[in-house]
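Visitor: In case you want the letters, here they are:
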Amino acid sequence: MKNSVIDLTTNTGGIISPNPFWLASAPPTNMGSMVERAFEAGWGGAVWKTIGQPIVNVSSRLATLDYRGSKMIGLNNIELITDRPIETNFKEIEKCKKRFPTHAVIASLMVESKRDAWHEIVKRTNDSGADGIELNFGCPHGMSERGMGSAMGQVPEYTCMVTEWVKEVAKVPVLVKLTPNVGSILPPGRAAVKGGADGLSLINTINSVMGVDVDTFMPYPMVNGMAAHGGYCGPAVKPIALNMVGELARDKETKHIPISGIGGVETWRDAVEFMLLGSTSVQVCTAVMHYGYRIVEDLIDGLTNYLREKGMTSPKQLVGKSAAAVTDWGNLDMNYKVLARVDKDKCINCNLCFVACDDGAHQAIKLVPDQARGGKAYPEIVDEECVGCNLCSLVCPSPGCISMVRMDGETQKLSWREVQEKGIAIKPGHANKNIERA
Amino acid sequence: MAKLPVLTDGPFKELHPAMTMPEALREANRCLYCYDAPCTRACPTHIDVPAFIKKIASGNLVGSARVIFESNILGGSCARVCPVEALCEGACVHNSLQHSPIEIGRLQRVATDHVMERDIQLFEAGKATGKKVAIIGGGPAGLGCAAELAILGYSVTVFDDRAQPGGLNTYAMAQYKINTDFAIAEAKLLEQLGVHFKQNTHVGKDVPLAELEKDFDAIFIGVGLGATQKLGIPGEDLPGVVDALTFIEELKTKKPADVKVGKRVLVIGAGNTAIDAVTQAKRLGAERSAIVYRKGEDDMPAYDYEYEIGKSMGCDFYFHASPVRIEGNGKAEKLVCKNAQTGAELTLECDMVIKAIGQAKRAEFLKGFPQVALDDKGRVVVNAEFQTSNPKYFAGGDCVNGGKEAVDAVAGGKAAARGIHKKLNGAAANSKVA
Ligand SMILES: Cc1cc2nc3c(=O)[nH]c(=O)nc-3n(C[C@H](O)[C@H](O)[C@H](O)COP(=O)(O)OP(=O)(O)OC[C@H]3O[C@@H](n4cnc5c(N)ncnc54)[C@H](O)[C@@H]3O)c2cc1C
Ligand SMILES: Cc1cc2nc3c(=O)[nH]c(=O)nc-3n(C[C@H](O)[C@H](O)[C@H](O)COP(=O)(O)O)c2cc1C
Ligand code: SF4
Ligand code: SF4
Ligand code: SF4
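Chain order of the listed sequences is A and B.
Letter by letter, the first sequence follows residues 1 to 438 in the working numbering.
Letter by letter, the second sequence follows residues 1 to 434 in the working numbering.
Mixed in with the good hints, there may be bad ones.
Subject to a maximum C-alpha distance of 30 Å in a straight line, what follows is the list of computed BS3-like cross-link-like pairs (lysine-lysine) [what the hints assert, rightly or not]:
id	chain 1	residue 1	chain 2	residue 2
1	B	K188	B	K132
2	B	K54	A	K376
3	A	K71	B	K54
4	A	K95	A	K167
Note that these hints are calculated values from the structure, not bench results.
Let the hints inform the model, and build the full structure from the sequences given.
Guide: Written as structure tokens, this is what we have:
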């Protein structure tokens, strides 16, 4: 195979970075020395730990969701914005930009909801040489009680207004970072675009209580006998983020605006998924807090090899490729049918498919002794009952053992929308054959 | 019992040490939680393995131990001595995925140790039925039967001719698998259920059978097997020739330093007991310790992994060597063998010969029970309820199955208890112990 030349350079709303991998605004971008080390490791951009009037943090601050021996599949924090003086942060940005002129340094900002205050900090950012600005409208704890963070992001009018204020003086591109703690991501996304945003970053963290210690009865992270809700992130939130990114990438009013995707990115595959649904660049926090800057090596290497394998030369070619494949339920073809099929050679007789289907789905699996295989019982699919839900194939621990096979003969498509629009009468109920017309 | 007796050091230190809690959690989380699980089917006592493992994963160790003990009251020793490769772990579906099987035995130990270390009592004697049952033999079979009956509300007395309860659990199993004191302590836990132990009491000598017949409503026979069989070759009675069970019993009841072992030890036989003998002789300090077996490597009755233990300890193996005679001047010095196929002779120097060619049945003793039929191999014949041909007598364990594993004996004893319950109470054995 001929090696095509791959160029990972990325342009996110006017912010150019040597690759699409940025550090999200968080502890890994707390100060200049850290960002510089990250750039040395290979990160293409860094969104500085949010700058504003310095605060006082509490300890402890973090808690995790561990699952069946996997540490930190979710992370929760009650940390606020930077606790370092505004001026120190900007001085370090200047220094960092001098050392890394081609890397993207984005200043994340959050100040009180006053036009003057925003103008002042944006002007200071202009002077620092930063490549872009990100407005933190997402922090769900602490700052929101002070009328900042998600308190802004949850009210589209405020989002629009502050974005406008910032755009009045900003000399570099402005990204608006959205909070997922809303009923729909579209109104705040549209409001940011209306206010003039050059790009959207999402998601920020999700309101959450991480857990309760069942011996001490204390929720965590615990601060001297009390806890507060915090922001949830890490691998567990990726599906929520992907949905929101996809929604904005398809929406008429926002689809032309570049997205910096955030939420549970740990590997190049996660990044590719974000890109396919509409992200131009991705930002990473939890995975770096877990393993360090070094993970960027495989992010870059994996993405490069993947692009080469796909015959592509730039991640640009991935952006939004799958966005249109996500649609409203009403557009799905109700005549498309799959049925489960078991490969007995791969079956290990754990019977998990049986119990899952029996108790959790449609009683479409029977365990039938197979004399040709020493009388051991093997799952058999009762086609009349199988609704093609996937459950058995999802629980099966043996790779490739249960496949979902298309059985409808590729007949004419029929969506619920068509049924509504054309006034077709159909019989309700599950069917593993074509929809019956009443 | 704060700390369970265990040897963590020296030549007899544990082969499979206890798991740490993080280790246990990692392993428990690897279990797929199979439905109608093959591991459970493979366990003779049908412990609900996925259930107890899931409870370890959730941090419910007391509940986990209850699941184990409900099926197998000797779950603590079985966790240590079961040939898991041939039973539960051998059936684990992970084998089919080319993954190492779940370490069921060691996980079982995590849960059972947890409650034993904390003296947590999980079961109580049932509401008294007013009926009495005598158990002859305090080995795994007798204990399995006794516990089940006590929980069902019977007054149970165990008669055992040894100083301590536990049968071969206490007196035979390799010290690097199970510590003698642990086996005794586990057996004695049955006292919490009101089970009476009469040790040093040989039924037939110290207590006449007629007395048991008079005092008890049912009798369970769990006497196991007898002494090692005779070789029937010249020189067998020379000093220096011992039988494996006597040698191993010494090991189980004395300090290693007080057990005499030769410099060059020959063990005749190639079953699991022979492997236990040859490896423990090595552990005691024998310079050379070898198996002498009349058939070939593939014919060895010992489990493959037992054979591996023997090899890994540097024991020697002589195959196709049929012992013909033992020679020596007032003591065993040479073992002369013959290759049955080629006729070639082989003479091996030695100063100790251990006979491990299987235990004899206690046929003579068993014949003393009125109308209790034996089969042609000297095993007690029982029906599906483990009842003998004399309806008052039930039986289980090695004396019925001809010699299997401790877990089979527990299963047999427990099944017999259900049979006894059915007979005495006319009820199906609906015990709260599943
Ligand atoms: C050397 C050796 C190693 C073994 N290793 C293992 C192992 O690692 N794992 C495993 O699972 N199994 C092992 N076994 C097998 C296991 O020990 C037996 O299957 C099991 O102990 C049988 O239990 P039981 O209750 O039927 O008999 P036993 O354990 O033999 O108990 C019978 C009891 O009855 C007593 N008794 C006999 N006659 C009378 C009488 N007339 N009056 C009063 N009491 C009497 C005996 O003294 C004994 O205490 C091993 C066996 C041997 C010999
Ligand atoms: C296949 C599927 C179908 C569901 N259907 C409904 C539904 O009809 N009504 C409802 O209130 N919740 C429905 N739910 C949501 C569940 O009730 C529940 O709130 C959700 O799965 C979260 O719980 P869990 O993740 O702890 O299982 C459904 C969930 C699944 C997985
Ligand atoms: S889940 Fe898969 S491996 Fe398990 S019984 Fe079903 S088909 Fe076989
Ligand atoms: S008792 Fe023995 S065979 Fe049964 S599950 Fe436990 S370790 Fe496995
Ligand atoms: S077979 Fe293995 S994976 Fe399945 S329940 Fe048993 S121990 Fe767990």
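Visitor: Does each hint hold? Answer for all of them.
Guide: Hints and how they fare:
1. B:K188 x B:K132: Given pair K188 of chain B, K132 of chain B holds - Cα atoms ~19 Å apart, limit 30 Å.
2. B:K54 x A:K376: 25 Å, holds
3. A:K71 x B:K54: 18 Å, holds
4. A:K95 x A:K167: 25 Å, holds
The earlier numbered hints are all upheld by this structure, with none contradicted.
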